[in-house]
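Trainee: Below, each chain spelled out in residue letters.
Number of protein chains: 2
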Amino acid sequence: MISRSILFASVALTFTAALATPAVAEEGMWTFDAFPAEQMRSEYGWAPDQAWLNRIRASAVRLTGGCSASFVSGQGLILTNHHCIASCLYENSNDTDDLLKNGFVAANTRDEKKCAGQQAEIVTAITDVTGDIKSAIGTMTGEALIKARDARIAAIETESCTDLAATRCQVVSLFGGGQYKLYTYRKYSDVRLAWAPEDRAATFGGDPDNFNFPRYSLDASFLRAYENGKPVATPNHLAWSPRAPKEGEITFVVGNPGSTSRLFTQSQLAFEREVRLPMTVAVMSELRGRLIRAMEESAQKEREGLDLLGGIENSLKVYIGRTTALNDPAFTDKLAQEEEKLKALSKGNAAIGDPWTAIDGAMRAYRANYTALRFTQPSGDLYGYAQALVRAAAERVKPNGERLPGYTDSALPLAEKRLLDERPVYPWLEDLQLGWSLSKAREYLGADDLDTKLLLGKESPEALAQRLVSGTKLADPAVRKALWDGGQSAIEASDDPMIIFARSLDGRQRELQKLINEQTGGPLAAAGAKLADARFGAYGEKLYPDATFTLRISYGKVGGWAERGRNVPFATTMGGTFERATGNAPFDLAPAFAANEARIDKSVTYDFVSTNDIIGGNSGSPVIDRAGNVIGAAFDGNIHSLGGNYGYDPLLNRTVSVSAEAVQEALEVMYPAPNLVKELAAKKR
Amino acid sequence: MISRSILFASVALTFTAALATPAVAEEGMWTFDAFPAEQMRSEYGWAPDQAWLNRIRASAVRLTGGCSASFVSGQGLILTNHHCIASCLYENSNDTDDLLKNGFVAANTRDEKKCAGQQAEIVTAITDVTGDIKSAIGTMTGEALIKARDARIAAIETESCTDLAATRCQVVSLFGGGQYKLYTYRKYSDVRLAWAPEDRAATFGGDPDNFNFPRYSLDASFLRAYENGKPVATPNHLAWSPRAPKEGEITFVVGNPGSTSRLFTQSQLAFEREVRLPMTVAVMSELRGRLIRAMEESAQKEREGLDLLGGIENSLKVYIGRTTALNDPAFTDKLAQEEEKLKALSKGNAAIGDPWTAIDGAMRAYRANYTALRFTQPSGDLYGYAQALVRAAAERVKPNGERLPGYTDSALPLAEKRLLDERPVYPWLEDLQLGWSLSKAREYLGADDLDTKLLLGKESPEALAQRLVSGTKLADPAVRKALWDGGQSAIEASDDPMIIFARSLDGRQRELQKLINEQTGGPLAAAGAKLADARFGAYGEKLYPDATFTLRISYGKVGGWAERGRNVPFATTMGGTFERATGNAPFDLAPAFAANEARIDKSVTYDFVSTNDIIGGNSGSPVIDRAGNVIGAAFDGNIHSLGGNYGYDPLLNRTVSVSAEAVQEALEVMYPAPNLVKELAAKKR
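Top to bottom, those sequences are chains A and B. So for the first sequence, the numbering used here puts the first residue at 35; every next one is plus one. So for the second sequence, the numbering used here puts the first residue at 35; every next one is plus one.
Some clues are possibly wrong.
Any copy, or any two copies together, can satisfy a pair, since identical chains are not distinguished.
[Stated by the list, open to error] For lysine-lysine, the following DSSO-like pairs were computed, each having C-alpha atoms within a straight-line distance of at most 27 Å: (1) Lys-487 - Lys-576; (2) Lys-451 - Lys-377; (3) Lys-591 - Lys-576; (4) Lys-351 - Lys-487; (5) Lys-135 - Lys-636; (6) Lys-280 - Lys-591; (7) Lys-351 - Lys-492; (8) Lys-636 - Lys-487; (9) Lys-264 - Lys-515; (10) Lys-548 - Lys-147; (11) Lys-507 - Lys-375; (12) Lys-368 - Lys-492; (13) Lys-381 - Lys-548; (14) Lys-492 - Lys-636; (15) Lys-368 - Lys-507; (16) Lys-147 - Lys-487; (17) Lys-492 - Lys-135; (18) Lys-548 - Lys-487; (19) Lys-576 - Lys-507; (20) Lys-335 - Lys-636.
Honestly, the hints are just simulated from the structure, not real lab data. A quick note: this is a predicted structure, and the numbers were derived from the prediction, not measured.
Next up, chain A with everything else stripped away, as it sits in the complex:
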């Protein structure tokens, strides 16, 4: 379950800065304007042409919930993972109708359920704006560099997208500041749920099987994009091909990998290994423990906590996997050697200078500020609403170019949607998260720290959390809307305790961000541009940038791997589920599987692995064959892929996908949806 990790990506600073050596076979999350067709042709004897790539790009969907997807019919039908829409099922559930547990099959389009915060986005253009941004930056440094860059980005985005209801413009920094590209999207901000299996069918094996293979998971679902209350017409879509994948066949995975750190320098990797990861694993493990226990208190809490727990456990597995990778000298020595090689190749080039030393300094400063930055950011949806409201009120009155990045004209529509969409709030869960985060703040900052005193005053973390959660009215979307519409005067006049709390933290949070911009963000952006030049100079232009939750394509092939002397097969069958089932959670059969055992074709290929290079954010990505048809949906990586944040190992890293064949079987037998079967079969060609 890859994508949930991005929900828990800590602190917002983007770190992409240095550059690894050229991609090995199958390594690479390539942008659509720089696909390495020649390299692929030399390895595979075939590669797609630009027309093929354009066709696929037009069918690829980014979901603002943090996942990837694709159009698979002419009526806006979207294939993605079950875990990408679990929150939607959860938010549309109540004590008497648990959609997460029972699954959901819409009888017809009128029956489809809105998904809060979810928006579908399709890339319509990619434009290079590197020169424009770089000249705005000029020779600036530190905070000034960040401000100038962000102001120019805000201006380009505003100029390029005038229809904010239907389009979205986003400038992304690639290669850590080496390139800037403007991505233009067609967006659909009304996304509804059409079909989902039972949670147990999607999460069979649960956390123990997550990131493992062989696997037996129906991690698939269908959404539909709407506009003006009607399904949208999507002539650009992938053809549905419910067949078994073949070992060795070429596969493409097209989606939005969230973030990788393959271009990190040694001091950035050291920060991860020595500071960020140990702290993250410790505090998140405690949250996991608190939540596991709380969910045992009642069936209602069990249901209400499930979505958050899934996210936490997924993220933890990611962070533990990264810890293991960065504590493996065989893995890290390779990264160190790559850096040494680039240094040697760049030696004496005055235009490049020594960005590595600049990054060392930026990271030393970050170490000094990190704990304060991290722990002055309390957790929970209600605090998140309050913080967004307080910030938006202050930012919206500023000129566009002077605002914080999330509050520019181009960013505001999604910020507003996320804030105002209706979704349930469970006070006990808010209390648990907020109390935990405040108690960890005191633990890591120390009881005598000024930031601890700012957060807590004389209250205990638990009492403060309880007071804020029980007193705030922000769970009500109408209250949030009134504060959003009321702007700064409404925020200043508010006596909502959560708003008061967010107001009290705002100044310090801005001060810390400014400090980080000056000492770390600015230096990293400047050094990143130099490192990109070093890399292009040493290896040419055929490189892929670190992931940025923008559209990428990975090529590879269906195939298992060898591990500790045994071969892991490339696929499982539906029949295997029944052999693996123990009757005890999370290895208990989904009821629809148990009920239909005799009717299920056990020879159907269930899940399969391929060598495609993906990471969190890619969840829901279509797996596409050479013909351009969708034969599956990627939903996970194997355990070795967790080190993939820092480097790809072609021998071991694998993408895990659910086959279109298995989804078809589910649509026909376990969770019958004859309308969808018909819609998917209506091939466009």
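Following the hints, position chain B against chain A.
Mentor: Leaving out everything else, chain B in the frame of chain A:
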């Protein structure tokens, strides 16, 4: 709160193997037969003579609960920390009489409360048996070495202590196998509680203040040793000196540091940093979270869980501090340099050879076996009872020299006492710990691992834990006694589910231990002896061994330290408590402090720091002045002392103690105990 950490020391293998460079000033946990008087004299202008050392040694007490202490009257009165006897308060409490919360003052000796599992031990002789053990080992390697060593140790212990009711003999390996010493103890297996303040007085500041300074903690208590139902006469005892410590004055801390790893080689340190610590922090943080939440469910659970939570939080802080130290290149580079220096000094010495490479191999093997070893050991008292019963039954029928170390004739009396002493069992707490440990086993071993299947069968961790805890009768000491007395046939015939479970794991646990002995323990013991020789050859004999929970003496002086440009003062006053109190836990005043504020002398020195070198196990150690009088009880280290497991930094490492003056104030004002005041004042000289 130092000593609790040893409760959570993972896996039993002793690792002490290599040797650091000679001690810097104040560094060192010295054995009483090798005190560096000359070195101290050169630094301080004074050092104790052997008569002084002998007198102190005869007053020093080891508590089998994992702490240190001292006799402070002629009637067996023992000074130790509150946190060392918190379990005793907890086990003597119930819903209507919460001794932990309320404190306890015995009206007279008849009123004193037995402490389960607690035994007081006083060293009466230290004998060198190095030659004896080394010739038994000869040229053996691997498992054979371990067996021969342990057999000879068992024989020496049995020969040397014939009165098992009043004496205990224990051979310890020092310098990782470089020396073997026989410690003979006078023991008192009936230890009772005489006086303890309220928990909040001892734990004011709670986990946030733990390992910090300035500090305001009354972490002191009094026990009494009994024999044949009467207080024992202890003519050898320290004089009580309830005065303020003076900055710069010489202090000795005499106690039993549990374990240090200062002699670890680079590959042993790498194992800690890369494998053991990350895993430990992750799983223990989750346990902490589960327990925190469970304790919020009722006042009863709050009370029943407090002791375990305190232990977990203390250990976690230790492990997180060690993680920080081992992730600090400035700290670890020094350790690496010391190793390089020793290698250079030993170069070409054929008798030493290359023990470093041998240790690398032993640690590679340990990495391969560690996860299985760790997670085939479930948690909880009830499982612990079952495991001890199953093992003891099998071991006791073997000849003494062939038994596992904990089950030799010399070890059995304490094992039996620990097993049969009456103590409360809280099923929900057992369930929580066992379920957690089984679920972590599945997570780290993997759902398909054979050890996971051995542990769980087809059950879920939660269901299995629930079934075992609800079905077992082992909470009843009489049931345990019957199984202990019944021996192997009783164990084999038992249908107690926990016994059945322990039986099912026993074979695999033994197999793993054998594997570890062969591939890691044996090679480490052989290499450790070589490294000790290298160290003695390079630096002479004036060295101190790693801590082994045997009696040590550390010298130093009263003094604060400088940190981030500010000076941390050497002491706090009782008045400071009232300034620091916020009214919210854990910064709420103990009721007896609040009630007596007007009567408390606020100028009394409360807690103080000194440069003495201590670690977990030292808790409760007397702080002794030059005259040999007790002026405090050590209860903690500062935050920098957490790296002290691997190396001592004289600029930053500090011991934290509660002053005898503060304890006296408490005995007179807050928790009046006129009998004890009188008893303590009856100076022997």
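Trainee: A separate judgement is required for each hint: does it hold in the structure or not?
Mentor: Each hint tested on the structure:
1. Lys-487 - Lys-576: neither (51 Å within a copy, 49 Å between copies)
2. Lys-451 - Lys-377: neither (46 Å within a copy, 65 Å between copies)
3. Lys-591 - Lys-576: within (21 Å within a copy, 65 Å between copies)
4. Lys-351 - Lys-487: Between. Shortest inter-copy distance 21 Å satisfies the 27 Å Cα cut-off; intra-copy 33 Å does not.
5. Lys-135 - Lys-636: within (23 Å within a copy, 62 Å between copies)
6. Lys-280 - Lys-591: The answer is within: 9 Å in one copy meets 27 Å, while 75 Å across copies does not.
7. Lys-351 - Lys-492: between (36 Å within a copy, 23 Å between copies)
8. Lys-636 - Lys-487: This pair counts as between: shortest inter-copy Cα distance 25 Å, intra-copy 61 Å.
9. Lys-264 - Lys-515: within (25 Å within a copy, 75 Å between copies)
10. Lys-548 - Lys-147: neither (42 Å within a copy, 60 Å between copies)
11. Lys-507 - Lys-375: Neither way: Lys-507 and Lys-375 sit 57 Å apart in one copy and 65 Å across, limit 27 Å.
12. Lys-368 - Lys-492: neither (50 Å within a copy, 41 Å between copies)
13. Lys-381 - Lys-548: neither (33 Å within a copy, 54 Å between copies)
14. Lys-492 - Lys-636: Classified as between; 23 Å across copies, 62 Å inside a copy.
15. Lys-368 - Lys-507: Result: close neither inside a copy nor across copies, 53 Å intra and 55 Å inter.
16. Lys-147 - Lys-487: Classified as neither; 44 Å inside a copy, 42 Å across copies.
17. Lys-492 - Lys-135: between (43 Å within a copy, 23 Å between copies)
18. Lys-548 - Lys-487: Within one copy, since 21 Å is at most 27 Å while 53 Å is not.
19. Lys-576 - Lys-507: neither (53 Å within a copy, 69 Å between copies)
20. Lys-335 - Lys-636: neither (35 Å within a copy, 49 Å between copies)
In summary, the structure is inconsistent with hints 1, 2, 10, 11, 12, 13, 15, 16, 19, 20 from the numbered list given earlier, while agreeing with the others.
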